[in-house]
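Given chain A, work out where chain B should sit, using these hints.
Protein chains: 2
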Amino acid sequence: MNYKNFPMVPRVIFGRGSFNQLSEILAPKRLNSHSPFIYLIDDVFKNNAWLTSRIYLAYDDRIIFISAKEEPKTSQVDELVEDIILSSKERPSGIIGIGGGTLLDLAKAVSIMITNEGEAKDYQGWDLVKNPAIYHVGIPTISGTGAEVSRTTVLTGPTRKLGINSDYTPFDQVFLDPELTKGVPNNQWFYTGMDCFIHCVESLNGTYLNAFSQSYGNMAYELCKDIFLDNNLTEEDTQDKLMMASWHGGMSIAYSQVGVAHAMSYGLAYVLGVKHGIGNCIVFDHLEEFYPEGVKLFKIMKTTHNITLPQGLCAGLSDKELDLMVNIALGLEPLWENAIGKHWKKTITKEKLKALYKKM
Amino acid sequence: MNYKNFPMVPRVIFGRGSFNQLSEILAPKRLNSHSPFIYLIDDVFKNNAWLTSRIYLAYDDRIIFISAKEEPKTSQVDELVEDIILSSKERPSGIIGIGGGTLLDLAKAVSIMITNEGEAKDYQGWDLVKNPAIYHVGIPTISGTGAEVSRTTVLTGPTRKLGINSDYTPFDQVFLDPELTKGVPNNQWFYTGMDCFIHCVESLNGTYLNAFSQSYGNMAYELCKDIFLDNNLTEEDTQDKLMMASWHGGMSIAYSQVGVAHAMSYGLAYVLGVKHGIGNCIVFDHLEEFYPEGVKLFKIMKTTHNITLPQGLCAGLSDKELDLMVNIALGLEPLWENAIGKHWKKTITKEKLKALYKKM
Numbered sequence: 001m002n003y004k005n006f007p008m009v010p011r012v013i014f015g016r017g018s019f020n021q022l023s024e025i026l027a028p029k030r031l032n033s034h035s036p037f038i039y040l041i042d043d044v045f046k047n048n049a050w051l052t053s054r055i056y057l058a059y060d061d062r063i064i065f066i067s068a069k070e071e072p073k074t075s076q077v078d079e080l081v082e083d084i085i086l087s088s089k090e091r092p093s094g095i096i097g098i099g100g101g102t103l104l105d106l107a108k109a110v111s112i113m114i115t116n117e118g119e120a121k122d123y124q125g126w127d128l129v130k131n132p133a134i135y136h137v138g139i140p141t142i143s144g145t146g147a148e149v150s151r152t153t154v155l156t157g158p159t160r161k162l163g164i165n166s167d168y169t170p171f172d173q174v175f176l177d178p179e180l181t182k183g184v185p186n187n188q189w190f191y192t193g194m195d196c197f198i199h200c201v202e203s204l205n206g207t208y209l210n211a212f213s214q215s216y217g218n219m220a221y222e223l224c225k226d227i228f229l230d231n232n233l234t235e236e237d238t239q240d241k242l243m244m245a246s247w248h249g250g251m252s253i254a255y256s257q258v259g260v261a262h263a264m265s266y267g268l269a270y271v272l273g274v275k276h277g278i279g280n281c282i283v284f285d286h287l288e289e290f291y292p293e294g295v296k297l298f299k300i301m302k303t304t305h306n307i308t309l310p311q312g313l314c315a316g317l318s319d320k321e322l323d324l325m326v327n328i329a330l331g332l333e334p335l336w337e338n339a340i341g342k343h344w345k346k347t348i349t350k351e352k353l354k355a356l357y358k359k360m
Numbered sequence: 001m002n003y004k005n006f007p008m009v010p011r012v013i014f015g016r017g018s019f020n021q022l023s024e025i026l027a028p029k030r031l032n033s034h035s036p037f038i039y040l041i042d043d044v045f046k047n048n049a050w051l052t053s054r055i056y057l058a059y060d061d062r063i064i065f066i067s068a069k070e071e072p073k074t075s076q077v078d079e080l081v082e083d084i085i086l087s088s089k090e091r092p093s094g095i096i097g098i099g100g101g102t103l104l105d106l107a108k109a110v111s112i113m114i115t116n117e118g119e120a121k122d123y124q125g126w127d128l129v130k131n132p133a134i135y136h137v138g139i140p141t142i143s144g145t146g147a148e149v150s151r152t153t154v155l156t157g158p159t160r161k162l163g164i165n166s167d168y169t170p171f172d173q174v175f176l177d178p179e180l181t182k183g184v185p186n187n188q189w190f191y192t193g194m195d196c197f198i199h200c201v202e203s204l205n206g207t208y209l210n211a212f213s214q215s216y217g218n219m220a221y222e223l224c225k226d227i228f229l230d231n232n233l234t235e236e237d238t239q240d241k242l243m244m245a246s247w248h249g250g251m252s253i254a255y256s257q258v259g260v261a262h263a264m265s266y267g268l269a270y271v272l273g274v275k276h277g278i279g280n281c282i283v284f285d286h287l288e289e290f291y292p293e294g295v296k297l298f299k300i301m302k303t304t305h306n307i308t309l310p311q312g313l314c315a316g317l318s319d320k321e322l323d324l325m326v327n328i329a330l331g332l333e334p335l336w337e338n339a340i341g342k343h344w345k346k347t348i349t350k351e352k353l354k355a356l357y358k359k360m
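Note that the protein sequences, when read in sequence, are chains A and B. According to full-length UniProt numbering, the first sequence is numbered sequentially starting from 1. According to full-length UniProt numbering, the second sequence is numbered sequentially starting from 1.
Same shape as in the complex, but just chain A (with noise of 0.2 Å):
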């Protein structure tokens, strides 16, 4: 049995505010005047003052404002790569990323490839990254994806959606100042938050389960519980919660695994473009087959909301696209194997997939 030696992210500030502390903490790390660094930021925080007032921009510092409006491309990176690169005199001191996990992805996959030839398509999947990334920074403005804590930034690249896990990826530090997801708006915040609770299910009956995995997980369960069911918490006792979860959430699937909600999400997000948070939630509201539980509690949280969730997307779907869906979710072997066990393929068919899909 040979266990993974888990990368986990070395520096952590906790703290309502803790943001102010940003050019203190950057400044160490600055490697010369001619270094800059790079803050990929969340453009819904254009014009911002109150948080982008607090980032000293010195030398070539830059900001780049980026839409989190679609999910993070491969040839995305690779643009901002070429950008970076011909815009700064030497490698960049770090790249910042502030936003939800689009943005932390992007800053994951873009420290990346800044030290890594070829392009980002070529990284998708396990351990294929040769380089240590250059030094890069998580700042999350919503909580639930976990991208803070994990060893993964998940791409749509030309032929699928998959992630570049490597030992390289997670950041080299991570601001967990709650108070910067403050603002966000309801159906946003319960989809993200809904990914901690999914990755919780999906980890807690997953076939990889373990005891470190078990303690993250049932962590970040319960203080899903408390915010989305019993929801008698201030709103900043919610968001410091919320904020754990998703960092302890992260943590568990992190020696552990997805299971089949994510892998039908990234298939619907393959062929039509959905975000990973709702896309979750629209394949999550179909699973009691696999999460009896789970499901139930969803649809009371979803009750509880306010939350109603599109329907109908796959009914104009062609035969081709369906296929094409089912294949990307199919071709996610280990969260199926975390789902139902080593033999899954012996349950889980085209046929099946295809009528959960034209349910949704």
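In case anyone wonders, no lab produced these hints; they're calculated from the structure. You may find that some hints are simply not true.
As the list claims (entries may be wrong) - Derived lysine-lysine pairs resembling DSS-like cross-links, with alpha carbons at most 25 Å apart:
hint, chain 1, residue 1, chain 2, residue 2
1, A, K225, A, K121
2, A, K121, A, K69
3, A, K182, A, K130
4, B, K73, B, K130
5, B, K346, B, K359
6, B, K69, B, K121
7, A, K73, A, K121
8, B, K345, B, K320
9, A, K225, B, K225
10, A, K29, B, K130
11, B, K69, B, K89
12, A, K73, A, K29
13, A, K320, A, K342
14, B, K69, A, K130
15, B, K182, A, K4
16, B, K4, A, K29
17, B, K299, B, K359
18, B, K299, A, K182
19, B, K29, B, K130
20, A, K4, B, K352
21, B, K296, B, K352
22, A, K320, A, K345
23, A, K29, B, K345
24, B, K182, B, K46
Frame of chain A; chain B shown alone:
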């Protein structure tokens, strides 16, 4: 408000038998054939081929067996460092600590003192270490202390028992192999496990508590209740879960602080040489006033596991010895501030502590 930028152990491997991967994980860390790996191992493992046969000594690698009967001392660290420097052709490639809190703390302290001038006692305190330690690895063989994850190494010096708290203290690599904890005698298992339970109580009831510490503390607290109260787990499950409880309990106090039990137990250790685990238990048994719920549970756990604590330890002490004990305890100001609040000096007097000690 200035938040701590907390250093986490950057690599962790979890699993029963993960210790088998030791040589594979160490190999790339060898600097050259003149730079040995030095293994500090609890001498209960001397002649234990089940453990030692899995350690591959190459070149000038050495095993140093050390008794954990006494608390680790600053003078002991200085002697070890001198011995290692004199007997190695070049600076060692790494220090590997295998054992309980004593061995783990010795490994951390030795790895620091190899690169920092002077004596270990000079660094007792907070953030006094100037140079990064050499590569160091922690492999717990008993669970509860949290030493595997903390940023301190607690040593008894000429004038006090106090940790070397620094960003360079945490291990670079930890092995969590619950199988290594088999065969620990029942008493020691209980005392060390209670160190974890007490960490949680002190953290969760402290004024320094935040959502980060709380989530780790709750998780470890629940695990301790599963293990020591409900008592219906298999032996393997108990080992796995207690190892995770220790880890999470250590994380909980990392961003918070311990409290009354630890402060008073340090006094007991300094004057009477009482070991940390049992010392905490002896003290905690008398702390209903501070931790009513925790102490109530502790007493039930004690009964469940047929533990009889020593009584009357302080009965024969002179006033001078009691004063010293009280002064050691009161000197740990952050612990009291966490436990009682900013104005702790109003209620925590020398007389009060002396009266408490006299009960023990």
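Hints, verified against the model:
{"no.": "1", "hint": "A:K225 - A:K121", "in the structure": "violated, 37 Å"}
{"no.": "2", "hint": "A:K121 - A:K69", "in the structure": "holds, 21 Å"}
{"no.": "3", "hint": "A:K182 - A:K130", "in the structure": "violated, 38 Å"}
{"no.": "4", "hint": "B:K73 - B:K130", "in the structure": "holds, 21 Å"}
{"no.": "5", "hint": "B:K346 - B:K359", "in the structure": "holds, 22 Å"}
{"no.": "6", "hint": "B:K69 - B:K121", "in the structure": "holds, 21 Å"}
{"no.": "7", "hint": "A:K73 - A:K121", "in the structure": "holds, 9 Å"}
{"no.": "8", "hint": "B:K345 - B:K320", "in the structure": "holds, 22 Å"}
{"no.": "9", "hint": "A:K225 - B:K225", "in the structure": "holds, 20 Å"}
{"no.": "10", "hint": "A:K29 - B:K130", "in the structure": "holds, 17 Å"}
{"no.": "11", "hint": "B:K69 - B:K89", "in the structure": "violated, 31 Å"}
{"no.": "12", "hint": "A:K73 - A:K29", "in the structure": "violated, 28 Å"}
{"no.": "13", "hint": "A:K320 - A:K342", "in the structure": "violated, 28 Å"}
{"no.": "14", "hint": "B:K69 - A:K130", "in the structure": "violated, 46 Å"}
{"no.": "15", "hint": "B:K182 - A:K4", "in the structure": "holds, 22 Å"}
{"no.": "16", "hint": "B:K4 - A:K29", "in the structure": "holds, 17 Å"}
{"no.": "17", "hint": "B:K299 - B:K359", "in the structure": "holds, 16 Å"}
{"no.": "18", "hint": "B:K299 - A:K182", "in the structure": "violated, 44 Å"}
{"no.": "19", "hint": "B:K29 - B:K130", "in the structure": "holds, 22 Å"}
{"no.": "20", "hint": "A:K4 - B:K352", "in the structure": "violated, 51 Å"}
{"no.": "21", "hint": "B:K296 - B:K352", "in the structure": "holds, 21 Å"}
{"no.": "22", "hint": "A:K320 - A:K345", "in the structure": "holds, 22 Å"}
{"no.": "23", "hint": "A:K29 - B:K345", "in the structure": "violated, 41 Å"}
{"no.": "24", "hint": "B:K182 - B:K46", "in the structure": "holds, 16 Å"}
In summary, the numbered hints that this structure violates are 1, 3, 11, 12, 13, 14, 18, 20, 23.
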